Amino acid sequence: MASQPGSEPKRHWIRVLFILPFISMLWVSSYNRLTPELFGFPFYYWYQLAWVILSAVIAGIVYKVEH
Amino acid sequence: MNWPALTVFIALFVFVTGLGFAAARWRAGDLTQLHEWGLGGRRFGTWVTWFLMGGDLYTAYTFIAIPALVYGAGALGFFAVPYTVMIYPFLYLIFPRLWSLAHKHGYVTSSDVVLGLYGNKWLALAVGVTGLVATMPYIALQLVGMQVVIGAMGVSGEGWIGDLPLIIAFVILAAFTYTSGLRAPAMIAVVKDVLIYVVVIAVTIFVPLKLGGFAPIFAAVPVAKLTLAAPVGDTYGAYSIYSTLALGSALALFLYPHSLTAILSSSSPGAIRRNAAFLPAYSLVLGLLALLGYMAVAMHVGTDPAYADGFKTYGNNFAVPALILSVFPGWFAGVAFAAIAIGALVPSAIMSIACANIVSRNIYRGFIKPHATNAEESQVAKIASMVVKLGALVFIIFVPVPYALQFQLLGGLWMIQVLPSVIMGLYLRMLSGWALLGGWVVGTATGTWMASLTSFKAAVYTVTVLGVSFPGYIALWSLIANIVVSVVLSLLLKPFVTAAPILAE
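Protein chains in written order, with the working numbering: chain A, 318 to 384; chain B, 15 to 519.
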């Protein structure tokens, strides 16, 4: 499909950042533990919730760079 | 009967009903045109798209079922969090491209896209029917959420009287969807989200306050449940189950007709990309909601005689309503239950509209009356939206809940089978329609067979490679079979098939 002018932003190498959420989330053994705790949350829980915020930050960065 | 809760609940319900009917005049368009009725005229900007996507990604079933899973099974239920983390890259990278294609050619459904890409109407039909079959029990399951909260307010009765509140709620839903189309859920989604946020924030402040922080909440849960069981021996055990459930769900999510409806109704690819950055706000809420399961454990609602009947009737799905009743005064419980019930209405409306678009565009126009006028097409869609909802209602009243859950499980693994046709075709020109249809048949059959081995009670099948076991989500394994067959058949068929009339540029 030919790209449509104006609708597709310039594709940028920065998109490789999107691989990080996949590596971190699919590598379950890296976060399946209880410590260190944060605000009473075991590691397993706060780490995965932190990735929600990180993935939003990544999408924001990619958007900023491309637009 | 919990009168304070019921009064607030009914007041909020009446309010959103009015909103639903008023929505027909919002950014008024010609509602006899399918793209106006069924896609809101494709004029929704970043914010409305955000509410709309949030409205159908996080449904009443999610608000009830995920905490219920955490309540019952512990750490495994948290797979919903990595699942939502992984959907945003897909949303950012793939769907603006699909939007551009759909916008250019006036596509309303994924079947339209497939027909445009490969010119094969049987493949388009397969994609459309997959969407219908996978969505109908999903709508029925929204009703489970509604049933649980109505039951939690003490409204009950024998036989059909007991189902009456649910039937009334559904008739209202059907009526405003019929008159206002997608504009109705888009408008109500805003109210729903405000209510949900208020409730989630209230719960996550008050319960820890009551119990002395989050540490006591986690301490109330048996340690073995707080993390996944570490695999022993030649198996990836709970690890591969957890990661494949998350990845498979993420891949399937945007293929559902209703997700696609929300995406296609946005005004620009930019609105979709900005949403990839904004939607995680919902995921945080989802994560907090999942923890309501542990809060329910910490509040000992399961052993409280006041809730024994609820748990007996609704199983672990009653965990969140019981938690809300035990923590809040009646009137606020009413707000919370209204939030959950309205949270069921919005996705139900979007899902039925999405199904209706398929019926009118791809089945009525595609196979029954190819020269139907736009007005006829839109009229068929409106009627189809009623029929689909009626089907879901009959389903919930006559089919016992556990059965519906198994059906939804199948729905997910069927839905993912359209991925090669809808998504891979955007990037690869080597795929042919007949080969993809072959892949779809193999994927659907493999997935259904794997699920049948568990009598449709579990979503997990163990694949063994070189002596190492990978238990995992069936949807993902059957998708791999589907992709392999699609690609290999495309290569084999290449000499015999003239290049598909791909995308008149």
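Think of the hints as simulated: they come from the structure by calculation, not from any bench. Errors might be hidden in some of the hints.
[Said to hold, decoys possible] Here's a subset of chain A near chain B, in silico, CB distances under 8 Å, partners left out:
(1) W330
(2) R332
(3) I340
(4) R350
(5) F356
(6) Y362
(7) Q365
(8) G377
This structure is a prediction, so every number in the text was calculated from the model and none was measured. Ideal Cβ placement from N, Cα and C applies to all residues, glycine included.
Results of checking the hints against the structure:
1. Hint on A/W330 is violated. Least Cβ distance to chain B is approximately 14 Å, over the 8 Å limit.
2. Because the closest C-beta pair between A/R332 and chain B is about 7 Å apart, less than 8 Å, the hint holds.
3. Residue-level restraint check for A/I340 is violated (minimum Cβ-Cβ distance to chain B is 11 Å; threshold 8 Å).
4. At a threshold of 8 Å, the smallest CB-CB gap from A/R350 to chain B is about 6 Å, leaving the interface hint in force.
5. Satisfaction of the interface hint for A/F356 is found here, the shortest Cβ-Cβ separation to chain B being roughly 6 Å, below the 8 Å cut-off.
6. For A/Y362, the interface hint holds, since its Cβ comes within 8 Å of a Cβ in chain B; the closest pair sits about 7 Å apart.
7. Given hint, A/Q365 at the interface with chain B, holds; its Cβ is 5 Å from that chain's nearest Cβ, closer than 8 Å.
8. Among the interface hints, the one on A/G377 holds; its C-beta lies about 4 Å from the nearest C-beta in chain B, closer than the 8 Å criterion.
Comparing the model with each earlier hint shows violations of hints 1, 3; every other hint is respected.
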